[in-house]
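*Asks:* Here are the chains, one letter per residue:
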Amino acid sequence: MRLLRKPVTGFAIGAVLLFGVAPLALGDFRLDLLAKYLCFAIVAVGIGLAWGRGGMLTLGQGFFFGLGGYAMAMHLKLADAGPGQMPDFMLLYGQLDELPWWWRPFANPLFALSATVLLPMFTALLLGLLIFRRKVRGAYFAILSQALCAAFAILLIGQQGTTGGTNGLTNIQGFFGYDLNDPVNRRTVYFIVAAALLAVLALTWQLMRSRYGELLVAVRDGEERVRFLGYDPANVKLVAYVAAAGMAGLAGALFVPAVGIVSPAMIGVVPSIEFVIGVAVGGRASLLGPALGAIAVAWAKTALSERVPSAWTYFEGLLFILPIVFLPGGLASLAGTIRRRSRPSAVVETPAPAKVEVTT
Amino acid sequence: MTLVLSQLFTGISIGAVLLLIALGLSLTFGQMGVINMAHGEFIMAGAYTVYVLQQVITGAGWSLLVALPVAFVVAGAMGVLLEFLLIRRLYARPLDTLLVTWGVSLILQQLARDVFGAPNVQTRAPELLTGSIRITDHLVISSSRVFILVLALTAVAALTIVLKTTPLGRRIRAVVQNRDLAAVSGLATARVDRLTFFIGSGLAGIAGVALTLIGPIGPTMGTNIIVNAFLVVVVGGIGQLQGTVIVAFVLGVLQSMVEYTTTVSVASVIVFIAIVAFLQWRPQGLFTLRTRSLA
Amino acid sequence: MFSNRGRRTAAIVAALTATVVLTACGAKTTDSATAGGAGAAIDTSGSAIKVGLLNSLSGTMAISEVTVKNSLLLAVEEINAAGGVLGKKIEPISEDGASDWPTFAEKSQKLISEDKVAAVFGCWTSASRKAVLPVFEKNKSLLFYPVQYEGLEQSPYIFYTGATTNQQIVPGLDYLKAQGKTSVYLVGSDYVFPRTANKIIKAYAEANGMKVLGEDYAPLGSTEFSTIVNKVKAAGAAAVFNTLNGDSNVAFFKEYKAAGLTAGGMPVVSVSIAEEEVKSIGTQYLAGQLTAWNYYQTTEGAANEKFVKAYKAKYGEDKPTSDPMEAAYVSVYLWKAMVEKAGSFDVEKVKAAAGGITFDAPEGKVTVDGTTQHISKTARIGRIGDDGLITEVWNSGQAITPDPYLKGYPWASGLS
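Residue numbers (numbering that gives the first Met the number 0), protein chains in the order written: chain A, 0 to 359; chain B, 0 to 294; chain C, 0 to 415.
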């Protein structure tokens, strides 16, 4: 535990585990799965920032994940089809003679790549401006972001000819010219995902220890007081929300080559809640907690459903209940209690007076 | 004209269903701040109550009538159990209740699957409620929908009376408006919480009974409706019964009107945009409860 | 916003990524030889041969898919009792697809590469099949898909034992036409099968002088049908063609009856309502309505009597059998026959042996078409009775050869 004290050391350990130990210890199939878990971990880091540090329970990360995923998948589908061709599903289900206009820019790899991150961030900016300026928060915000996911999923499903409908975009063969069926290339995809996770962690760490990070926590714990100090809490929250959206978008984009499919099933209410659970288990306010929690929860889900396919939902349910009720600071708070650092960080350490937040 | 009228009634009947589902939430979520995602599974419990009772009571009409109070108690008891075991530890963390109760809902769904089987089950409706009432040649409204409308309005009336006139209602309102002061004044807030939760969850059971008339009865029936129900409460204004009632009907009519001219998916998206726009105008919902809290 | 140390960390990460990406030297998409090489490794070492069962045991699709799993297990049990396949007992490994398409892909990969199964049986929705299709093609492993579907597909590694469109939808339309129905209203769930089916129906209608008076889709799992039923009623079609799936059917038929519409006045032809669904909706709402399938519990023949009896003995007297269950049951027997003809579990040999294999299925004699990897099936229109069973009112007389791309139908030429 002492070692983890210095984030740099923790970072180095993480890098060794991800780049050294995991690829050696795991077979192709399990490494593919790990790549998928790491994508979820990237989303979780963003949620940790927005929720753990900023107090915004973003139940809409599926929406941004989907935006990033679809942006990437659209490009890969176009690349698979070859220049000037239409993706296979459009020929099957669409009644179109040519590519719809909003597909065309995605043929350009640079546009598509930047869109995977910028599109979610831009949408989050617009939404955040609307929502935070009007002081929608707490439960309102959580439920509104859920509704956002539901609406987006329904919209995607309704446009089968141009979005693939419920099927989503499947059967993706190549990744920027590399054949995804080749195990070597799949391994490379894993390394890219792992590197992305480390990069996102580094960025979040910077954000957390900066002056902005302090401000964000202050907004979480007393929004009105921060306002009285002359800051605009809306802007402070907006930055965290947009950053979290960007991370979810990035994760969605990497999910596509790692798993080979993106579909509305990854966007709706259910996956969005599942994104959050790992964060809560790992420790929402810490840096590594959300990522480790997300990986642990995703791994547990796979392992349990393989062992007891017809009863694993019970365990999944318990996974939601037990850590949150009995360990509100997540697994990271266990480390925290051992360390006894002076800095108040987790929610546990604010024994809330019996104040019901939503009655405002 | 008939078309508009019949669509209007459809909208009102969709609204009535929304209202029935959201009514219990407006208590547990609106008054107590608990985001209970397992509310949908309490509705499911109410629906399965009808199924179980029909194994014993053969008359479809009687079984439905008996099911109403039984489902209220069954779902209410589940609610109290949930409150006692989990939620009372979480009153200071309303957002966490969302995740915990989601876990509970997963468990309850699987439980239903193991007890009643994965496929949907069948209940019989009394013949009276499967037909329709003819107003003019072209304007025909279904009797099950009328029943649900009446049931929803009765439930609202009963709840209003309880909240406004009985000692229990007074206590509930006191705890909602200022928990600390209520405790200082000698109210057993924990008991009041439990009773509130009983009533709120019980209402879900009644909604479940009503849903057997129009929808499927199966393990996942709760998940499809829960988000919409929460939206109704949020837009209506937390802690405000009248807001929930008005918004349920407005959303129902809006949905049905848009859906008639476009498609279901377009209608859902438009309703969502309308809600976001509305919250720009009134971020705390249609009606707001003023408190002195700073947060 | 970056401090010095942060910049250093970022630089390290960037460098790491760059090295890894540069050192990798996998195959390009332009390489002519397909990566993956030889076919799937099948574990034939033990005294048992593993097969995978991939069905949704949780989530919204569990209502339908659990019965398919039960039926698959029955076939496995029967085959094992009769001595197994090539002297080996079948060991079924069940995985939960959880009604989630990426999970289907994950689990199929697990079955293939970790359990080294000889074949996988399962999937229900088209979306789940589309999600696993690349996995099976990449690993050159076999999937047996037991549900009627929208056609327009012919994967070399999938055997389709449910009906394609010319074995179910087209005969359904032929029946309506023969009954003198000149207009239809189309109602379906919002996913691939209904949308494609309705495209075919519209092409058929145009060529056969039928009018399509309207077309509506509800999201999967939707249970609010009052508006759609209002639209159907206002359009006044002669019949409704229903491609709704699962839960939605319950709400739709309850609303349909409440609106005063009847099987006599405006019959509904459904392609996703089998005995199991009838049981959950209730004959109160369904009696008299029509269905289009290839098998009913009431279908005559010794093979079916045996199947129904065995199923009820294993799972309970009140459990009905249905078309997808039958197709699943048949798929295991067909695989057994293919393996025995090939004398090997090897995928390519099994595929080569598949053409022309026949089986006395509960639905009647079926033949595997080696080219399309579909099977020939007799189309049957049924009427739902008061007892919850479906009785045949018409059948195609002989097994219809599968034609997934509807090449034999001139009116369908513009479809794909």
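Calculated from the structure, these hints are not laboratory results. Note that this is a predicted model, so its numbers are computed, not measured. Treat the hints with care, since some could be wrong.
Calculated pairs, EDC-like style, for lysine to aspartate or glutamate (alpha carbon to alpha carbon, straight line, at most 16 angstroms) [unchecked claim]:
1. C:K115 <-> C:D345
2. C:K115 <-> A:D27
3. C:K180 <-> C:E205
4. A:K134 <-> A:D220
5. C:K364 <-> C:E316
6. C:K318 <-> C:E339
7. C:K210 <-> C:E152
8. C:K232 <-> B:D136
9. C:K305 <-> C:D359
10. C:K27 <-> A:D79
11. C:K49 <-> C:E76
12. C:K115 <-> A:D79
Sample of chain A residues facing chain B (criterion: CB under 7 angstroms; computed from the structure) [stated by the list, open to error]:
13. L91
14. I153
15. V324
Glycine residues also receive a C-beta, built at the ideal position from the N, C-alpha and C atoms.
*Asks:* Run the distance test for K134 of chain A versus D220 of chain A: straight-line Cα separation, threshold 16 angstroms.
*Replies:* Given pair K134 of chain A, D220 of chain A holds - Cα atoms ~15 angstroms apart, limit 16 angstroms.
*Asks:* Regarding the pair K115 of chain C and D27 of chain A, is the alpha-carbon distance no greater than 16 angstroms?
*Replies:* The hint holds at about 14 angstroms.
*Asks:* Does the alpha-carbon distance linking K364 of chain C and E316 of chain C stay inside the 16 angstroms limit?
*Replies:* Roughly 26 angstroms separates the two Cα atoms, so the pair is violated.
*Asks:* Straight-line Cα separation of K180 of chain C and E205 of chain C no greater than 16 angstroms?
*Replies:* holds (14 angstroms)
*Asks:* Would you mind confirming whether the straight-line C-alpha gap from K49 of chain C to E76 of chain C stays at or under 16 angstroms?
*Replies:* holds (13 angstroms)
*Asks:* Verify the proposed pairing of K318 of chain C with E339 of chain C, using a straight-line Cα cut of 16 angstroms.
*Replies:* violated (32 angstroms)
*Asks:* Minimum Cβ distance from V324 of chain A to chain B below 7 angstroms?
*Replies:* Given a least distance of 6 angstroms, the restraint on V324 of chain A holds.
*Asks:* Check whether the Cα positions of K115 of chain C and D79 of chain A lie no farther apart than 16 angstroms.
*Replies:* violated (29 angstroms)
*Asks:* Should the hint that L91 of chain A touches chain B count as held when the rule is a Cβ pair under 7 angstroms?
*Replies:* violated (20 angstroms)
*Asks:* Are the Cα positions of K27 of chain C and D79 of chain A separated by 16 angstroms at most?
*Replies:* Holds, because 12 angstroms separates the two Cα atoms, which is no more than 16 angstroms.
*Asks:* Need the status of pair K210 of chain C, E152 of chain C: alpha-carbon distance at most 16 angstroms?
*Replies:* With a Cα-Cα distance of about 28 angstroms, the restraint between K210 of chain C and E152 of chain C is violated, given a limit of 16 angstroms.
*Asks:* With the threshold set at 16 angstroms, check whether the alpha-carbon distance from K232 of chain C to D136 of chain B stays at or below it.
*Replies:* Holds, because 13 angstroms separates the two Cα atoms, which is no more than 16 angstroms.
Figure legend: structure checked against the earlier numbered hints; hints not met, in rising order: 5, 6, 7, 12 and 13.
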